[in-house]
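This is what each chain is made of:
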Amino acid sequence: MTKRRDLLKGLMTLPLVGAMAGQEAFASGNSKREIERDFFKELGVRTFINAAGTYTMLTASLPHPDVIKAINYAAQQYVRLEELQEKVGERIAELLNCEAAMVTAGAASAITLGTAGVLTGDDPQKAIRIPNDLTGMKSEVIIQKSHRVGYDHAIRNCGIKLIEVETRKEMEAAINEKTAMMWFYNNNNPVGKIKDEEFVAIGKKYGIPTFNDCAADVPPVENFWKHTKMGFDLVCFSGGKGIRGPQSAGLLLGRKDLIRAALRNTSPNGDTIGRGMKVNKEEILGMLVAVEAFLSKDHQAEWTLWEQQVKMINDAAASVSGVKPEIHVPEIANHVPAIKIRWDAAKIKITPDEVRSALRNGHPSIETMGGADSVDITTWMMTPGEERIVSKRIREILQHASV
Amino acid sequence: MERREILKRLTLAPLAGGLLAGTTVESASAAPLSVKRDLFKELGLRTFINAAGNYTTMTASLMPDDVMEAIQSSSKEFVMLEEVQDKVGQKLAEWCHAEAAMVTAGCWSALVLGTAGVMTGTDPKKVALLPHLEGTGMKSEIIIQKTHINGYHHALTNTGATIVQIETAEEAEGAINDKTAMMWFLNREAPVGKIQHQQWLDIAKKHDIPTMIDIAADVPPVENLWKYNIMGFDLVCISGGKAICGPQSAGILMGKKDLIAAARLNGPPGGGNIGRGMKVNKEEMFGMYVALDSYIKRDHAKEWKVWEERVSVIHNAIKNIAGVTAEKVVQPVANHMPALEVSWDMAKVKVNAKGMGERLRKGNPSIEVIDWEKENSVRISVTILKPGQDKLVGQRIREELLNASV
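Chains A and B supply the protein sequences, listed in that same order.
Read left to right, the first sequence gives residues 0 to 402 (numbering that gives the first Met the number 0).
Read left to right, the second sequence gives residues 0 to 405 (numbering that gives the first Met the number 0).
Check each hint, because a few of them may be wrong.
Stated by the list, open to error - Not the full set, but computed from the structure, chain B residues with beta-carbon under 8 Å of chain A:
(1) Met62
(2) Thr156
(3) Gln198
(4) Lys205
(5) Ile208
(6) Glu283
(7) Asn375
Claimed, not checked - Straight-line Cα separation of at most 30 Å, DSS-like style, residue types lysine-lysine; simulated pairs:
(8) B:Lys90 x A:Lys40
(9) B:Lys145 x A:Lys125
(10) B:Lys385 x A:Lys86
(11) B:Lys255 x A:Lys40
(12) A:Lys160 x B:Lys138
(13) B:Lys318 x B:Lys301
(14) B:Lys318 x B:Lys390
(15) A:Lys160 x B:Lys124
(16) B:Lys296 x A:Lys68
(17) B:Lys40 x A:Lys255
(18) A:Lys68 x B:Lys385
(19) A:Lys68 x B:Lys255
(20) B:Lys40 x B:Lys90
(21) B:Lys124 x A:Lys86
(22) B:Lys124 x A:Lys177
(23) A:Lys144 x B:Lys124
Source of the hints: derived by calculation from the structure; they are not laboratory data.
C-beta atoms are modelled at their ideal positions from N, C-alpha and C, and glycine is treated no differently.
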């Protein structure tokens, strides 16, 4: 047994805040502590104002307070994981007006599990053989060349081959007895030659299941049911972005038989491609509550708030001579008011990279996005009021670099 | 869809849900809930006393207060996911005497990411190729003892790798070739394998092949957390949501620095890789950090005593029932904790194990036990009972044994 003295000695190696909280914990046993432990400070992790958006590497979104309540609630009792998936799935399907639904470990997980379900149906013997031996299973997924993105790796994780096509004619010619599925990347609808409705129609004509990846495509809230209504057999969303569920969760919506098959390919079932894509009971209930909160909020009021925040930052940037900010709304993914800040390099001697870095290194730290020619900002992941700090810092940094 | 319709749809929800939704709409913000919701009840879900053990299907273990505090506290700010992984990983590694560590989406995820890392190294081009290995020149074979094949090896094949089964040391050496990526060891099956840990490592080191050991459910004893790192395994995988009581969907991969760096490239937040679907959020990472710290600092000897007392409580409750015998059992490696095996003479107690399981499940409160191992006995795990539940479990089993007695 470790002696109390040893424990305290061990604690001395912790940073001050942690040590204080730690001692408190030992002194009071399990009872509520007066001092809240600051885990970020304890480990020296930088926190920041998220003026970038729902990026996974920035931890995407902060879970809605109701989600944390649901997580706390769920942590107190044992249930059967499959039963929970089933009931939560039913409820989410009801709310989102589709046949069936399940909670996954993010949108990529939904893509892998949905694809696996299409391949295996209800046969666990087939599930065991993914991705190395697809004997007796279909093995090709058709995709438009313009829809090829890094996310399609999630389909390839099932061992299938992607068949690239550009036109309707090519697509119809590519369909054969090995065709398992047709995959659509919703964000690239405008750039593909085959649009969503035509895509679904081709799938239906040949009896091939269609999958639409809508990962970051709410708002608008209507997108939650638009694509299942349109006839896509499977549709997925990220749970931890605009919906503000657990960051490691997502949703797979669609046909009852395909969702059942997708569930066969994941935890708690062992011997599957998805066993490593674990979602716990806390995340499953958290996701349900997040969907409810998302549906019931006043989307119009929220949009107005974002517009006001964006305008404030825009005006602050524009007040510096030579700066040309531009407000825009991305068409599909991350469809929220956003700003691109560009400037005349002759008048302001700083690069966008340097601005981002100055924002990051200031107090409070601020994260933004953008490439070599602009600093990009959204406000939807900010706590209201933070737009004032961001406005001030942007103006300061640009002004300071003005010649 | 109109706003009106959305609201209409929400009122389809059971009463509590409907009320809640209404409240939120009225205030049009994330106002605190005035109505406390019993979500499991709302959804018609059965909760139960878990006298079976840390099974994933039964949601494994419950997270203690300090883990929940870490989850809540870390949900309030944005941070860089990689930085959390760095800093939490450093601590986990330090405590477990490993060079490096990372939090994964469970032990299975650790197996997949670790294997992927061995295959791809830190080459992003290779990362983008998995699981399609043909013609890539990547090493693709993993050597396993036949006796270590039990389902979990499937995780390794998630990467596209193939399994080469061997039985003896001679066969192992013979199987090594220029396609050999890794040698995998399943700790729980060590007693039945012909090759033990040290010999396995010796063969691998001789041929410079990375080794991985799966110790998913193999604490206690707590020393196992560092034993295999010190012994020289390049990668060690463990479940986070079982005995350690971290988030049920979390696990730990620890080992050599370069291999952990490579494993991380194969998972989120990176896209376009085999592991992007195995997401772990910052809350789970901090939860894992606190859970492991608490687990290591626990008074393990005292805890063991508490478990043995619980076994005695249940044992005493069923003494003196004709035809019933009970015995304290401890699994040798995985789930190495005291449990009570209750057996009965089916001529005197007219129920089989499944039937007994069903009676306990349907009782009030509902109780889960291990009812699928033998025809005339159930096994009762006591380690994740809440204080006082041992008496309740003992009483219920006694009642049902008596009910079924002729």
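Verification of the hints:
no.	hint	in the structure
1	Met62	holds (5 Å)
2	Thr156	holds (5 Å)
3	Gln198	violated (28 Å)
4	Lys205	violated (29 Å)
5	Ile208	violated (21 Å)
6	Glu283	holds (7 Å)
7	Asn375	violated (25 Å)
8	B:Lys90 x A:Lys40	holds (14 Å)
9	B:Lys145 x A:Lys125	holds (22 Å)
10	B:Lys385 x A:Lys86	holds (26 Å)
11	B:Lys255 x A:Lys40	holds (27 Å)
12	A:Lys160 x B:Lys138	holds (21 Å)
13	B:Lys318 x B:Lys301	holds (26 Å)
14	B:Lys318 x B:Lys390	holds (14 Å)
15	A:Lys160 x B:Lys124	holds (18 Å)
16	B:Lys296 x A:Lys68	holds (28 Å)
17	B:Lys40 x A:Lys255	holds (24 Å)
18	A:Lys68 x B:Lys385	holds (22 Å)
19	A:Lys68 x B:Lys255	violated (38 Å)
20	B:Lys40 x B:Lys90	violated (39 Å)
21	B:Lys124 x A:Lys86	violated (41 Å)
22	B:Lys124 x A:Lys177	holds (28 Å)
23	A:Lys144 x B:Lys124	holds (20 Å)
Checked against the numbered hints listed earlier, the structure breaks hints 3, 4, 5, 7, 19, 20 and 21; every other hint is satisfied.
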